[in-house]
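Colleague: Put the two chains together into one complex, using the hints given.
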Amino acid sequence: MFVMMVLSYAITAFIDLKSNYKKQDKVKLAVYFTLMAISCAIGSISGYVEKMPSPAEPIKNIIFTLMGK
Amino acid sequence: MNKEKISDIQSVKLMILFIFGSTLVIGTGGEAGRDAWISIFIAVILAIPIYLVYSRILSLFPGKDLFEILELNFGKFFGRIISLPFIWFAFHLGALVLRNFGEFISTVGLPETPKIVPIIIFGLLCIWGAKAGIETLAKCSEYFIIFVVFLLIVFSFLTIPIIDTDNIFPVLGSGYKEIMSGILSAFTFPFGEVVIFMMIFSSLRSKSSTSKVFISALLLSGVTIALLSVRNIMILGPDTIEAVYFPSYFAIGRVNIGNFLQRMEIAVTVVFILSGFIKIALCLTATARGVARVIGFDDYKILITPTGLLMVNLARNIYEDIVEMFDWAFKVWPYYAFPFQVILPVLIWIFIELKQRAKNKANTTEVTIDDGSSG
Chain A
1 MFVMMVLSYA ITAFIDLKSN YKKQDKVKLA VYFTLMAISC AIGSISGYVE
51 KMPSPAEPIK NIIFTLMGK
Chain B
1 MNKEKISDIQ SVKLMILFIF GSTLVIGTGG EAGRDAWISI FIAVILAIPI
51 YLVYSRILSL FPGKDLFEIL ELNFGKFFGR IISLPFIWFA FHLGALVLRN
101 FGEFISTVGL PETPKIVPII IFGLLCIWGA KAGIETLAKC SEYFIIFVVF
151 LLIVFSFLTI PIIDTDNIFP VLGSGYKEIM SGILSAFTFP FGEVVIFMMI
201 FSSLRSKSST SKVFISALLL SGVTIALLSV RNIMILGPDT IEAVYFPSYF
251 AIGRVNIGNF LQRMEIAVTV VFILSGFIKI ALCLTATARG VARVIGFDDY
301 KILITPTGLL MVNLARNIYE DIVEMFDWAF KVWPYYAFPF QVILPVLIWI
351 FIELKQRAKN KANTTEVTID DGSSG
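Respectively, the protein sequence lines represent chains A and B. As numbered in the working numbering, residues 1 to 69 make up the first sequence, in order. As numbered in the working numbering, residues 1 to 375 make up the second sequence, in order.
Simulated from the structure, these hints should not be mistaken for laboratory data. We put the beta carbon where it would ideally sit given N, CA and C, even for glycine. Errors might be hidden in some of the hints.
Stated by the list, open to error - Only part of the chain B face toward chain A is listed, based on derived beta-carbon distances under 10 Å:
hint, residue
1, P49
2, L72
3, F74
4, L124
5, I295
6, F297
7, D299
8, I304
9, E320
10, Y335
With the rest of the complex left out, here is chain B (with noise of 0.2 Å):
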């Protein structure tokens, strides 16, 4: 089914992109308020054995994604049924991203244009994507990434004049409670998200080095999500960023040199398109693996335009506004993922395992049998 492969640095991209996704727009960890920064460099240290789990499992079958795992160890019946979460959580996932572009287009581009607009045209750019295989997507990531990180560190340093370090201390002032909540919420988005990189690993070229891959664009990834929400909540405060929806955009937005530079919230535009197309591509190109998976079709390629319509309708219908958008992020989805996150990967892992080990014992036993008989 796959022939299509990607290096381990181009997946290092790939991962990077996706982690920054819709986070460097919308922000996470916010719960913890001027602490968000702490909830997510803690997050990042969490995530690192849950990548460690996914890179076990992926990496005790070479050349093979989750379904195919699955189809493996659990038999193909139970094996397609214990795929179908996955199967929805990429789903459920695309559609959020495309819907979060529709709001973000709506509220700070065009407040006039139905909402459907920007998400019909970005989900048709995203099925073209994915139509062409993860190679493609794999290359464009090489490229993409170097507008981002161009485009974070420059404005990252013209916001400098505008910087008020006052805005961060007391550091651990929001309370415990409110930096445990913004760790889950950083863990499950975006860092948790990375589970669906086990749907479509099967594509690395190298072998061996599936954990490198994980561990090098988390910790990439943190450390630029967490210096970035340092530096908005410098910019913006506390109070002002629980008051706007899209922060980086805001923070960026303020940047004025000499009434000569300004009006720079464009760059955050394009930083969100770039990683947002990716993540959708990549969302889609899962759901239809799986898809193929289950129902038997030796290629995915076809169900992709089909999937990729039906999630922009699941897009468009989702929420009712901004607000229950919002609302559903920070109070819902850190619940509703954390099971597609780690509880179902780490259960897997334990029985894949379990099997090897037992596996493993029946043959040595087999072999000792036979040198007995023989001897």
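Chain A with its partners taken away, still in its complex shape (with noise of 0.2 Å):
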């Protein structure tokens, strides 16, 4: 399942790369493989992970929370 996801957004990366990867600078390269790398660890634990946490919880508490419900 790891390699599987890991392959998957090096492929990924690659079609979206190849025809300007030499054009873009060293900084932009570092932000787009770390958000690249964060989306492969969320997609990778998630696979292995029954339930990950969710912004949607947090939110409805506080809403309901500020409503008085």
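Modeller: Quick look at the structure:
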């Protein structure tokens, strides 16, 4: 699962950057690969963890507290 | 940063498809029961002043998007801080629509397939669309809207034999509290979501007609959504509408002309795919633009793929199931979205107007002093 995920992200990044990899500066590429790594990590963990933390529940609790429900 | 330009008519079409988004499938104003259409009409009227606020902010700074306007008025640091909630809203909205799509396909078409499969496929398609740029999306919307309008008109006519006009009576029978709740629901989903366009409308070719674009799109899409709501209520009745997740899908599914024209609900799926694609791609564009602005990049397109994949991950993990999705959409979303759609833009508008007035006053005083000294 993990290997599959890393491979699919690597392929996506390759297809995404192949045409203009050399034109991009290092800072942009660093941000790009950091975001891709975070995304890949979340995707991989979601495959193993039954219930991932989601922002929906905390937002719901805050709103209901503010509304006094 | 931005060299892409779209015409007014393309912007109107983009905005109409954006507003249709998932609304035509999920429906809105459901809290008002058989009076949902009244709630939608009132929400359209209430959205007009808010749209005028959006267009006023944009027209004060032609050629600039919300993030640039915030930096110009609040300074680089505070401008970027105030941009963050808008970036989050665009990102979250994109993920929610993507999840709606995943749940819709899982429920009506592919119940055995994991939800992540349609989400990933549609997410990649939207990343591709967003990477192509706002001009390409605008050109797409010119073609898509023909299909959408054609399908809506044809299938609405085909439902005439199964319409029961008694279902909408008694008018205002749901109670004022429910209608008010329906108005808030219809206002925040979908009309208020148009705040996303403030983040991408630096691409408008004509600088003078922002309000015309906003208001024409609102009226055209608002009237269509209200009429389709009336149609669904007349076909299904208020009780069935409350019981089903996708009212339009089930309403069109009842069409049966002489046992020959039947199983027409695919039309609803086509409308959802076309308008959902535009909506998610625009949310993705707005998010990538905002992130690029905050971290000081001159080009936002490199950020589209990683942001889009993060959006796919959020869409996958945000809800446990369809029940939680609808519970959140109807009970939490109206209160959650309201500050992003109304409170923040209105506060920003008041600040900008006061700043502009102070600036004009200072200029007038300077001119008067100059005249006095030269005289």
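Colleague: All the hints need checking, so say for each whether the structure fits it.
Modeller: Now for the hints, and whether the structure bears them out:
1. Nearest Cβ of chain A to the Cβ of B:P49: about 24 Å, over the 10 Å cut. The hint is violated.
2. Taking 10 Å as the C-beta cut-off, the interface hint given for B:L72 is violated, the closest approach to chain A being about 24 Å.
3. The criterion of a C-beta within 10 Å of any C-beta in chain A is not met by B:F74, whose closest approach is roughly 24 Å, and the hint is violated.
4. Checking B:L124 against chain A by beta carbon gives a least distance of about 8 Å; that is within 10 Å, so the hint holds.
5. Because the beta carbon of B:I295 sits about 7 Å from the nearest beta carbon in chain A, less than 10 Å, this interface hint is met.
6. With a least beta-carbon distance of about 6 Å to chain A, the hint placing B:F297 at the interface is held under the 10 Å criterion.
7. For B:D299, the interface hint holds, the least distance from its beta-carbon to any beta-carbon of chain A being 8 Å, beneath 10 Å.
8. Annotation: B:I304 was flagged as interfacial toward chain A, and the flag holds, the nearest CB pair being 9 Å apart, inside 10 Å.
9. Given hint, B:E320 at the interface with chain A, holds; its Cβ is 7 Å from that chain's nearest Cβ, closer than 10 Å.
10. Look at B:Y335: its Cβ gets to within about 5 Å of chain A, closer than 10 Å, so that hint holds up.
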